[in-house]
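The listed protein sequences correspond, in order, to chains A and B. Quick note: the first sequence uses numbering that gives the first Met the number 0, first residue 0, plus one each step. Quick note: the second sequence uses numbering that gives the first Met the number 0, first residue 0, plus one each step.
Any given hint could be a false lead.
[Stated by the list, open to error] Reference listing, derived: stretches of chain A covered by chain B, where coverage requires no fewer than 3 residues with Cβ under 8 Å from a Cβ of chain B:
1) 105-111
2) 298-307
3) 357-366
4) 381-390
5) 396-410
Simulated from the structure, these hints should not be mistaken for lab results. Computed from a prediction, not measured in an experiment: that's the story for all the values here. For glycine and all other residues, C-beta sits at the position ideal for the given N, C-alpha and C.
There are 2 protein chains.
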Amino acid sequence: MLDLGARARAAAAVLARAPTEAKNAALFAVADAIVDQSRAIQAANRQDLDRGRSGGLAAPLLDRLELTDARIRSMAEGLRQIAALPDPVGEIGEMRMRPSGLQVGRMRVPLGVIGIIYESRPNVTADAAGLCLKSGNATILRGGSEALASNLAIAGCIHEGLAAAGLPRDAVQVVETSDRAAVGILIAMDSHVDVIVPRGGKGLIERIGREAQVPIIKHLDGNCHVFIDDRADLDMALTVAVNAKTYRYGICGAMETLLVARGIASRVLPALAERLADAGVEIRGCEETRALVADAVPATEADWETEYLAAILAVRVVGGIDEAMAHIGRYGSGHTDAIVTDDLARARRFMAEVDSSSVMVNAPTCFADGFEYGLGAEIGISTDKLHARGPVGLEGLTTRKFIVLGNGQVRG
Amino acid sequence: MLDLGARARAAAAVLARAPTEAKNAALFAVADAIVDQSRAIQAANRQDLDRGRSGGLAAPLLDRLELTDARIRSMAEGLRQIAALPDPVGEIGEMRMRPSGLQVGRMRVPLGVIGIIYESRPNVTADAAGLCLKSGNATILRGGSEALASNLAIAGCIHEGLAAAGLPRDAVQVVETSDRAAVGILIAMDSHVDVIVPRGGKGLIERIGREAQVPIIKHLDGNCHVFIDDRADLDMALTVAVNAKTYRYGICGAMETLLVARGIASRVLPALAERLADAGVEIRGCEETRALVADAVPATEADWETEYLAAILAVRVVGGIDEAMAHIGRYGSGHTDAIVTDDLARARRFMAEVDSSSVMVNAPTCFADGFEYGLGAEIGISTDKLHARGPVGLEGLTTRKFIVLGNGQVRG
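Looking at chain A on its own, in the form it has when it is part of the complex (with noise of 0.2 Å):
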């Protein structure tokens, strides 16, 4: 594992200084690379599949690490699309003339070699390297043992794409021991990384956010609010909490718990009731809900608390923006929160006073993503506040140096 961040230091060095052009070439060959070898990499996964079905893999994991023919060439449009977003590299930005006659400002640049961790979906695979391919970044990638041919397979177009661009192969390097040791290991040696980003369960990502020595940029997890504010507009507000629950269920920005304003409750709740019933979905409401909510079931504390991913919403009635806001504070989780309302001194009171990574006004919580958002592929939405919040595309991935021009001013 040392010798393997040793080389990747290496290969940083190299591709924080290579041209867009040879970084978008090495991109577009990945990608060629990915559709011409898919009959391989498809005969790869099937390795790990019989082996995950014979070793008692759970259905939704087996759902994750099959390479459907969609999925190979998403993971290659998903390149093409890397390749066309700007180069962030070199970016100066902010540079000021200062009394002493220095010019100063910032430039942006790598922030050299990023460890991923991740589990089962061997996609990822291609979509972190191409991020930290573009962004300028070595790589060291640690997928979950139950994808490792998979994960080789794609390896191996990564680095015919490497080679044809004349980039190091060392950038970009898959962990092949599936020796639990090896990610203690990846996550103390900050020498030779800068960055972890762990993606998986919220196990994996609390046991490495307590052991890694290693600065890290992950994501907790989303137990998102839509606050209806008895101000709102009622059809927007149904249309809003509506597909805020059942864009999808799965996603981290869904709805997990509405609060809905006293004074609109009853309004809003039995039509969104019906909806949401024939959506399929179970409602565990406060008391106040039940009194409107004919079969919805009765929430406890643990409710306000989960982050269902499921066809479940919490739902509670509030005397207002205080009681809203104050319960987002106790129960939320900083990912994503929204507020319906026409007020404006409401909204603006929302979006400067709930400390979540992302705030809306009249939007459901499901936009929270880095396409929409428009900063092209995402490595993932830091739940952090520290250096990246939010979705995290290439930008998250690169840091601000200083940078001093002179002609031989002294300072004294």
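Position chain B against the provided structure of chain A, taking the given hints into account.
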């Protein structure tokens, strides 16, 4: 400690929405209180000094501990300067219309609760509290036990100022116990503290870096280089090198190693050695340096790695920019490095490829400083790459969240 943390968290919510006017009023009131109560502060400081002397505290530490009239005035002046800086909180940028019809932008907000761990210098109490207050954060200050009486006296003035401006007393809290275990708790309570800024010796900072569960913004060391290219203007090279070394020996931006291109070494080194000898600087040189500078001491491997913070300079003759950058990559600490050259292509390469928090062209490294860069006061100079790199002012104490404005858009 946990109670302290919970109270800081509650105060942070109030501070995050405090108007600029109230924060500035508090800063001015604290400055006035410090001036008004300078006699009482100095009496408390004398207790610390007496205890330090009888406890055998080393002379440089006693010097840092002492609050002279000038230092007290400068604390008050520093707070007034922070009041004069623009408030970063609430700034909205990059607002763009997306194809979905949503407007997506980013709003700058406080980090929340900031823990500052520092040694000896009691003026950090006022400086750090001031920066955190202006940036809308609550602060937990843990100074050295040797400065406890001084820190509490200054904290008294801070609480007076907060009260005068109607801001919560818990916005700034001083850990009153001198128990070392308090630091261990502070750096572990990640639900109450958002970031730790350790200020002090390398030993303290390494220990905190190893043990912290809370993210840290740290300054490790400043092994800064100046490289004199063979296309440098000779006078400028001498001016920059002398100033980089002699402006102040003890600052982290002081040059510790000078690299000179072989093609200009015979013209630079004898003249430079003369000027540095006048200033009382000892030269430790490679063999080629010693052939040009009669009284240079032989440099060992350890010299290339050392941050002297003293009137000592390591000097090495190198083949050119590639060898210089390789030396900096191997021995540097990523703090601040400079090139002196008239060659534009080399200047651009040095800026792009040297991976340090500040990279300078034709300017001495001692300019690495928040005031000189126009950031106003600084909480420190970060040698980390994530979040804040280089001098950290108000911006480094904030984060940006996404804000999304719509009128009932749905994703689908």
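Against the structure, the hints:
Coverage of the region 105-111 of chain A by chain B holds [criterion: at least 3 residues with CB-CB distance below 8 Å; count 4]. Only when three residues or more bring their CB closer than 8 Å to a CB of chain B does the claim for the region 298-307 of chain A stand; here the count is 0, and the claim is violated. Residues of the region 357-366 of chain A lying with their CB closer than 8 Å to a CB of chain B number 9, which satisfies the three-residue condition for coverage. With 7 residues bearing a CB less than 8 Å from a CB of chain B, the region 381-390 of chain A meets the requirement of three and the coverage assertion stands.
Given a C-beta distance limit of less than 8 Å, the hint that chain B covers the region 396-410 of chain A holds, as 13 residues qualify and 3 suffice.
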